[in-house]
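Both chains are sitting in their own frames, so use the hints and assemble them into the complex.
Letter by letter, the chains look like this.
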Amino acid sequence: MIFYILRRILYAIPIAFGVSVVCFSLVYIAPGDPLQTVMPPDATAETIAIVKHAYGFDKPLPMQFVIWLGRVVTGDFGLSIATRRPVFLEVTDALANTALLALFAAPIAFFTGYAMGVIAGCFPGRWVDRLVTGAAVMGVSLPNYWLGIVLVIIFAVQFMLLPATGMGPNGSTGFRIFEWSSARFLVLPVITLAMIPIGILARTTRAAVAEVRNQDFVQTLRAKGLSEWAVTRHVLKNSLPQVMAVMGLQFGYLIGGSILVETVFTWPGSGFLLSKAIINRDVPVLQGTILTLSLVFVATNLVVDLLQSLIDPRIRRG
Amino acid sequence: MADIVTLDRPLDVFAEQAPPATRVRGYWQSVFYRLRHDPVTLVFGAVVLAIVLAALSAPLIAPFDPYKESIIGRLKPFGWGGHLLGTDELGRDMLSRLLYGGRVSLSMGVVPVLFATLIGGMLGVIGGFAGGRVNTAIMRTMDVFYAFPSVLLAVAIAGAMGGGIGNGMLALTMVFTPPMCRVAETATTQVRSLDYIEAARASGASTAMIIRYHVLGNVLGPVFIYASSLVSVSILLASGLSFLGLGVRPPTPDWGLMLSTLRQSIYVVPLVCAVPGVAIFITSICFNLVSDGLRAAMDVRM
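Heads up: the sequence lines are chains A and B, in that order.
In terms of our numbering, the first sequence has 233 at position 233, counting the first letter as 1, and numbering is strictly consecutive.
In terms of our numbering, the second sequence has 174 at position 174, counting the first letter as 1, and numbering is strictly consecutive.
Watch out, some of these pointers could steer you wrong.
What the hints assert, rightly or not - Chain B residues, not near chain A, derived (Cβ > 10 Å throughout):
hint : residue
1    : Ala54
2    : Val111
3    : Ala156
4    : Thr186
5    : Leu216
6    : Phe243
As the list claims (entries may be wrong) - Derived contacts from chain B toward chain A, CB cut-off under 10 Å, selection only:
hint : residue
7    : Ile72
8    : Phe145
9    : Leu289
Quick caveat, the hints were computed from the structure, so don't treat them as lab data.
A virtual CB, placed ideally from N, CA and C, is assigned to each residue, including glycine.
Chain B with its partners taken away, still in its complex shape (with noise of 0.2 Å):
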């Protein structure tokens, strides 16, 4: 009898002699995990957050107005009559124009990739699912695309077409589209001949809810990681454009415009004149080393 009594409750026996069981993290209790215990992506995100916010306060924060000129402040150094940037060529405040400036810029880095990644990533998808000839239009029509360097096509379309911020905008998205639509077919073709999306179709999923439930899930990762790798190579190219004067025209603030108007003063007020350029050059460098983080933490290969 005494047998019945300690089989009575034989879980409680093992609960307490075992070691507690590890708890297994989910995907994104992992990533969070890695993003937690990586000070580089955690400072440089935190520096990404705070140029956003400055951009998108500028109004509130901005000491001066950033079209205010001033025939007799023109070209002063930092800290001149309360400018702590210095002025630029028309007397504006540098500070002021920088966080104005700033909003353009950013704006400018991340439409294109979102619209991109919009287009290309469901030409992707659509062209690695249907395979066959659909993907051979689409991959082969990418590839003329390929065939020119980013900038020189970005260059091109926006020079056709007139510069202004619209044309910049959508010449950028032309240059990203391709890029973005290989990332997506090259990740919906190693998925759709996986044997469990061949499960789905035999258990009657439709096409739409196979892609839906069972290739975006797969697809989504590369693609975003991709997607946060290009803004930075959107911001560089943005205020290359504005810098040729075939993205934001003037008077709107623009980095890389102020770095061009900046550059015939080089000789009288050299500091001043570099100051757009280290915004970019930071701000690049931000969204580059968030990105690398995002894919290590991510653990996307591609």
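The shape of chain A in the complex, shown without the other chains (with noise of 0.2 Å):
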């Protein structure tokens, strides 16, 4: 077990080298000088030729590479450029409020979603299966900045029961959690991010319940006399490890991939500093953010695979 854990711990550090190359070079894969944004049009030689030396643009790319890594793993993001403030803290911040709507998001997905397809899956090409299958198809093609734009539309604007977007009364500071006047900007945004994980989530929880269901022990089960509900439960415990990879890889999509529906809400999230980092050319903000995001997912994956080789084994002998 040891072992295991440590190798991949181990495989997980090149993955996250590369991941920190890849953040790094989208710098220079922007047309033109990556200077161009930060620098008014009308400097001269001289200053940019200063600016440059300053920013160490003028040294070999590798050396770049180099003393960026050196900064980036001591927590020195550099200074947003249009806030001025330190990348790190603004994109720790962001990344808080992006955890609040996952954390808010996962248990209602990955509850609905494993119920729908528990439900699905025990009753093959039954009408509750289709239903099942339908709705599923439906979360899984789902555009979700759409369906957030419908819900404010329903409930913001035709009924006003809920707040269309922000987090907070206007010249509130804080988020309270446990006040509705806070928790109710909470609603629509996690109930949007909680669509698409229930679709995918239903589909493979009923994949992998049919699948088990089909194997031999189920039979042998069945023939010894168990009653069905006993048989359900050593279904279902099979078909957990697979599913579980599925809810980890959802958490992970939750906190990475909320750029449009924090958009849509203007949730003060990582995902809304991104979009406004795209719109302000703010690189540093870019660079910080789209790494800090892909580290949390590696991280969030390693998680994962760790508690599936807890409850199966097989994996950690493969």
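Structure below.
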């Protein structure tokens, strides 16, 4: 077990390194000079040279990468061009808000999707199965940014029950989760965010349950005279590893892929920060956010793999 | 002598007595048989066809010029002045823009998948067939791109390069190449060690021949099915990029972009604002269901 954990962690290191290479090169695949956005258009060649030197852009690329990596490892992502605040603070603040959404959306999505999948998988071909499969396809095909807009139209514009955008009433400081005046801002983004994972999870669970039900050991359990309930328990247990892998992946997507939903609801999370950075061409924030989000994604996958190997020893040996 | 007479045509005797032989269906025959008996796939396949045809024939069937603005006709509801689906924030006809937008949105859905299938499929087959260090080099590189959530990677690349249709397509191609490569690699690796490949090599077939005749046949099925399931994802992501201002640029009509520019007007004409999203949603559902149907019909397991 220890060896498996070590091996898995060691394996994550080159991945994280590769991710940082990709994030670093993002600045250089942009057309034109990376400094173009920072410099005023009428800057003299001399000023440009000075700034280039100050930012280290006059050094060869591999050198620049090593210097950049050295700073990033110590948590120094530079200063935001738009706000002049350290990028690290901007990203961690935003990440906390994104995590808040994910922590609410994930349990809702996992429970609903899993329940739907189990019911459908236990009655393959029946009307419940068709209903769930149909709903799941809709969930998977859903443009969630559009769903967000539709929910805003219904609940904020037509019935004025819930706020359309933002993260708290005007002028409020801090988010108080136990007060409805704050918490009600969570409702629409969380529902919107949960829809796609529900669809994906329902599909995966259904497939996994249906597959396990066709295995020989289920027949044996029935032949032994176990009740249908007991058989189902065995089936669920055996389909769990597959489902958990997808849950982990989806949790990663909730954190790393929430940019569209956050933009619709102007929720001040990491995705919204990213879309602002793109509009302002704020390269340090762009780099820092993408690097942080993808590292969180790598870490999530690592944790899921380890958890999976805990409940399913076959993975450790494989 | 009578024996000889009966033995003269023994086969006919058997033919008369034996039950009619069941015709063995070929693979493709059975695929089409299953498809013909799958009403869901047929119906949604027809809808996909209709959407594609409507987009292709947009210049013929669009009731108005999709770029024609009107100051007095802005943000009008369904049916106003002959505008079946209303008008947008610049007074342009929604239905016409929806039809023309379908061309952009559909090609953003199909083109990246096509390129990713070619590039990823090729890399996967090479990696899977060569094995060893080549495989490690290709697959570990792909693993790095796996470490990004797909939306994030698409946004990062398109954001860094500055948007536009071409950059958007490039970003999506880069998003879909790694998973495609993995599917092709898995299928190739499974086939590579089978006995009949060994037999082909022993009988003197070159590597190119083996890949062409013995490997590709087993890889194309999963690759095709996976690609078909990616089309719907690609449409969603492409519209998402345009929604963020990273894909299609105005005034070109595109479903995602229309949704984004109409978002400010939900207090004026809520129903009109929801229309482009309905188009994305329906198209995406249809592609998904057709892909599911094809997978079942072709009996591909991944």
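For each hint, the structure was consulted:
Listed as outside the interface, alanine 54 of chain B is consistent with that label: its C-beta sits roughly 19 Å from the nearest C-beta of chain A, beyond the 10 Å cut-off. Residue-level check passed: valine 111 of chain B sits 19 Å from the nearest beta carbon of chain A, beyond 10 Å. Alanine 156 of chain B, annotated as away from the interface, has a beta carbon of chain A within 10 Å; the closest lies near 5 Å. Threonine 186 of chain B, annotated as away from the interface, keeps every beta carbon of chain A farther than 10 Å; the closest lies near 15 Å.
Under the 10 Å C-beta cut-off, the non-interface status given to leucine 216 of chain B relative to chain A holds; the minimum distance is some 27 Å. In this structure phenylalanine 243 of chain B is not separated from chain A by more than 10 Å, as the shortest Cβ-Cβ distance comes to only about 5 Å. Because the closest C-beta pair between isoleucine 72 of chain B and chain A is about 24 Å apart, greater than 10 Å, the hint is violated. Because the closest C-beta pair between phenylalanine 145 of chain B and chain A is about 8 Å apart, less than 10 Å, the hint holds.
Annotation: leucine 289 of chain B was flagged as interfacial toward chain A, and the flag holds, the nearest CB pair being 6 Å apart, inside 10 Å.
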